[in-house]
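Trainee: Protein sequence lines correspond, in order, to chains A and B. Each residue of the first sequence is one higher than the last, beginning at 0 in numbering that gives the first Met the number 0. Each residue of the second sequence is one higher than the last, beginning at 0 in numbering that gives the first Met the number 0.
Honestly, I wouldn't trust all of these hints.
Residues from chain A that face chain B, not an exhaustive set, calculated with beta carbons under 10 Å [to be verified]:
id: 1; residue: 58
id: 2; residue: 59
id: 3; residue: 61
id: 4; residue: 84
id: 5; residue: 89
id: 6; residue: 91
id: 7; residue: 94
id: 8; residue: 107
id: 9; residue: 108
id: 10; residue: 111
id: 11; residue: 164
Coverage of chain B stretches by chain A, computed from C-beta distances (three or more under 8 Å per stretch; other residues unrestricted) [what the hints assert, rightly or not]:
id: 12; region: 340-353
id: 13; region: 361-375
Across the chosen pairs, the derived CB separations fall in these ranges [as the list claims (entries may be wrong)]:
id: 14; chain 1: A; residue 1: 288; chain 2: B; residue 2: 640; range: 50 to 60 Å
id: 15; chain 1: A; residue 1: 173; chain 2: B; residue 2: 430; range: 35 to 45 Å
id: 16; chain 1: A; residue 1: 173; chain 2: B; residue 2: 480; range: 51 to 61 Å
Since the hints were made in silico from the structure, they are not lab data. The C-beta atom is built at its ideal place from N, Cα and C for all residues, glycine as well.
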Amino acid sequence: MVTLTGKAASVAFDRVTKVYPGGTTPAVNDVSFTIEAGTLVTLLGPSGCGKTTTLRMIAGLEMPTSGRIRIGDGDVTTLPATDRDVSMVFQSYALFPHMTVMENVSYGLRFSGHDRRETAARAAAGLALVGLTGFETRFPSELSGGQQQRVAVARALVLEPQVLLFDEPLSNLDAKLRRRVRDEIRELQQKLGLTVVYVTHDQEEALAVSDRIIVMDRAVIAQEGTPRELYDAPATAFVADFIGESNVLPCEIAAVAGTTAEVRAGPVTLSLPARGLAPGPARLSVRPNRLALVDEGAPNSLPAAVAKTTYAGSRNEIAVETELGPVFLVSPDTATLPAPGARVAIAFAPAGAVLLLG
Amino acid sequence: MPPPARIRPLDPTAALWTAVGLVGFCLLPWYAVDGGFWTFRWLLDGWPLDEDAAPALFLVLQGEKPWLAPLGLILLLPLLAWRRPKADPAFARLMVVIGALGLGWLLIQGFAIGHRGWRYDWLEALFGDLDWRQFGMGYGALLTALAFLFLLTLGIAARGAVGGDVFVVGSIGFVIATVALFVFMPIVQMLLNAFVTDEGAYSLAAFGRRLFSDRLWSLGCLTGGPRCGVAWNSFFLAVLVGILSTLLGLAFALVATRTGFRFRRILRALTILPIITPAFVIGLAVILLFGLSGFFTQLSAELFGTQPTRWVYGLPGLLIAQTLAFTPIAFLVLIGVVEGVSPSMEEAAQTLRAGRWQTFATVTLPLMRPGLANAFLLGFIESMADFGNPLVLGGNFDVLSTEIFFAIVGAQNDPGMAATLAVVLLVFTLAAFYAQRFWLGRRSYTTVSGKGDAGIHPLLPRPLRITLYAVVGFWVALTLVVYGTIVYGSFVKLWGVDMSLTLTHYIKAFGIAWTDHGLLWRGSAWSSFWTTIWISLVSAPLTAAIGLLTAWLLVRQDFRAKRAFEFGTMLSFAIPGTVIGVSYVIAFNVPPIELTGTGIILVLSFIFRNMPVGVRAGIASMAQIDKSLDESSLTLGAGSFATLRRIVLPLLKPAILAALVYSFVRAMTAISAVIFLVSGRYDMATSYIVGRVENNEYGIAIAYATVLILVMLAVIGVMQLLVGTRAIGRRGTGGPGLSGMRTNMPPQGAALTGAG
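Only chain A is shown next, with the shape it has when bound in the complex (with noise of 0.2 Å):
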């Protein structure tokens, strides 16, 4: 039985830019980032904000405008898809319908130069490890979503790529299965420690199976780091609201002493950490599950009137009116549900509050 391995290598982007031929506007616009070895990166963003872009270009089948693409240690800017060792996972997982998923995971197998036996065990194992043995002279036809899906994940990664990538891959899927193939792609890369990129406009998906995400917004990286880091720090109000519900309000720093930087938000006092920011107007986003809602008149705390609530089963999702504009708050404690006008103030948690820095 052979074991299939991955040979990791990393993935940096250098400047690179992606005019499409006949457009004016970027589609990627002088974008770097590096991608480290074993690693699994999500590129996260909104429709059309270059990440599919990206994605193809690490594969080849796009070519950038201008800039470097290196991958392990060569440089494939120039290398077109055949010749570099990356694989892809498709969207609509484009598994070959006139061949049998025997076939279909044998494919890059016969240009890879391998014999005829060494190529059956190889896709023999790949089958395995996605757990189709049994499926071999089945059709894509004949196979469910989830199971086209794995076919797809196996035909990539017999290959050994130093790059495996996936485009959206649980968008065809019903959503109780993403959650299961998600976790079954994070187990693989990490068990065959593969270098993996993965494309997807969920949130979510990206903050559950990510190392690093990279979230673009219109052709340019808006902010890189661990999903800790994106979701406790965003540095944009586009990346705090993209990556879970956000509040942002207008506050003023008042001053800052070494990291720390005093912030008046209305009414309350905050302590937070600086960012490098220097006093003067600047804005905050916090999140409605570190808001709380407090009696009025309560110390350092926001007035506010309610305007509507939600009983959510778990929660009640509770959306206020104050002096720094409409604020949405949820609240796990579903005993009690205020009335929509009744005068309330809001408490800012610990470490709730975030200062942005774009």
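Given the structure of chain A, go ahead and fit chain B onto it with the hints provided.
Mentor: Here is chain B on its own, set in the frame of chain A:
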């Protein structure tokens, strides 16, 4: 809740059709009147008492044609439903019985009694000699038949068929009845003719003798004999043309979609050519180029001293002409196929380390295989059905379609033989049609599944690309030479002999003069030209109407035996024009439907030959309209007819226009069925041109052909202007380029098949 409707004593639909039937029975001439369908001289000419123009009621009252009397009685039966609501099961039963009885009796008497009394000997033996005779049915019979038909469908609807929708059931009944009458009935009569012996009796042996004769199946040419049987000739030719046109079409499609070729829009323009060109015009051009006094023949004689021969007449010429004529059809089909291969398939192959050539060979080509087979079958059917080219340049290479013609009009006048040949031809084309629809239908990979199929097709391997450029370049050049020859040749005095330029042919064919009596259409072609335009103008809207109605029934309604219904309506696609022509001559030469020599028979043949065009156009665009639009209209209280009229039709305007134009153009370019059905009074442009060719008047023939091509170019151009703005292209891929144009002209592929 709507307010309760006023209670009517008789269901309004039943009342309407009973009234229509009674008008037909009591007021309008029962039999076809002299002078044609549209003349109303009979009003002054002895109606209502003269036997020729009398309504059935008057005939019966005068003691004539007593067998018509039961029809009148049956027409009064709906009154039994007085004060019975439609929901009453007795109402439904009554209407079904009335309709079935009426239609049955109408058909029985029509087929039993003809020009010379009883039409069948056994009836004469049974009932004795009959003094009376009857002629083809006319207005009266038509209305009565319609009345019975719709009373029958009303009854069926009242029993709850198709949700009890009277309009839908009526439409289905109407389509079935007309297709049965004008497609199946003639074919069946023709089949029967294949069994007729010289003495007029029916015999299986006679059919067998004809069917297995050497004339059809000899393989002499393979073993050094003079010639092969016509069936083999047709088959070989069709296979070769199918293969060649598919390969060339694939080359064109690949160049147009996969090479970044800058002039691909010009390639697209080529696909219009076969629509506007009668197929045999290509054959004419081939004669002008390669015939005995052809351009290239003479050039080669001068340069190399070769002896001019008649090599082009026969298989080589037919191969050239048909491949030229049908390659654009394969191109059109294969563009869709090539574009239909999902780009991510090819991208996946590339990321799996397959090179360009390997990707093409292991993924692209196999995925196109069903499409290629489809294009081959279309080319096969086209070649089999082609009549014009073999007629003008077949030489000694006899094929089925022309043999059928000569068996009917030639010195031999052997309808039995013609019918037998037609059966063989029909079996070939139907087999191909069946293979195309049922065998290939389940094997198509090109339907794009799932979301997110963005991506770009990879370029082709370089050697392949260069080969394709060469092949396509050569073929485009040849096509241009052919069309150039047609236009140039029409200005040449006598091709190959006197090449000086002249307008003589145009003046002869299309001369106009001012005389004391006003404008005189002096050219010899005017009569057939105006007839052609007129017949085409009449048949186009009728074709579009019945085609779209059928499409609507197929797409939007559910009823039992829908597959059979669809197959029946699309079948006339696969029936070669020659077969339609022969069967119409055989079926409509005698009562109960006497149509030969009229313009109506031409109109009818066009309607039912081109109906699938309208059906396909309608299906294609109706599939794009969300069914929930109809359903919301229905739930808002509109009936199915109102929904069709107010929701579906307005959204279908482009399809309607396209169906109109294509049925018009196809009516103008058709030759195979037409040549059997034309008469002195109703000559058509194509048959006139073929006539000139047979008289060796090539000048007039191609001048006329040039005019036809220009007229149709203008028609297509106007249509493009009218419809062109509504492009529903595929998102992203090159904007309103190739795919945009494809959606504009849904029926193109359809318009072409079965031509000739």
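Trainee: Hint by hint, note whether the structure agrees.
Mentor: Hints, one by one, checked against the model:
1. 58: Because about 5 Å separates residue 58 (chain A) from the closest Cβ in chain B, which is inside the 10 Å limit, the hint holds.
2. 59: holds, 8 Å
3. 61: Holds - the Cβ of residue 61 (chain A) comes within 10 Å of chain B, reaching about 8 Å at its closest.
4. 84: Hint on residue 84 (chain A): holds, closest Cβ of chain B at ~9 Å, below 10 Å.
5. 89: holds, 5 Å
6. 91: Holds, because the Cβ-Cβ distance from residue 91 (chain A) to chain B comes to roughly 4 Å (cut-off 10 Å).
7. 94: holds, 8 Å
8. 107: Holds: closest Cβ of chain B sits about 3 Å from residue 107 (chain A), inside 10 Å.
9. 108: Since the shortest Cβ distance to chain B is 9 Å, the answer is holds.
10. 111: holds, 6 Å
11. 164: holds, 8 Å
12. 340-353: Since three or more residues must qualify, the claim that chain A covers the region 340-353 of chain B holds, with 11 doing so at under 8 Å.
13. 361-375: holds (count 5)
14. A:288 x B:640: 50 to 60 Å: Given about 59 Å between the Cβ atoms, the range holds.
15. A:173 x B:430: 35 to 45 Å: The hinted range 35 to 45 Å holds for residue 173 (chain A) and residue 430 (chain B), with Cβ atoms some 44 Å apart.
16. A:173 x B:480: 51 to 61 Å: holds, 59 Å
Comparing the model with each numbered hint stated earlier shows that all of them hold.
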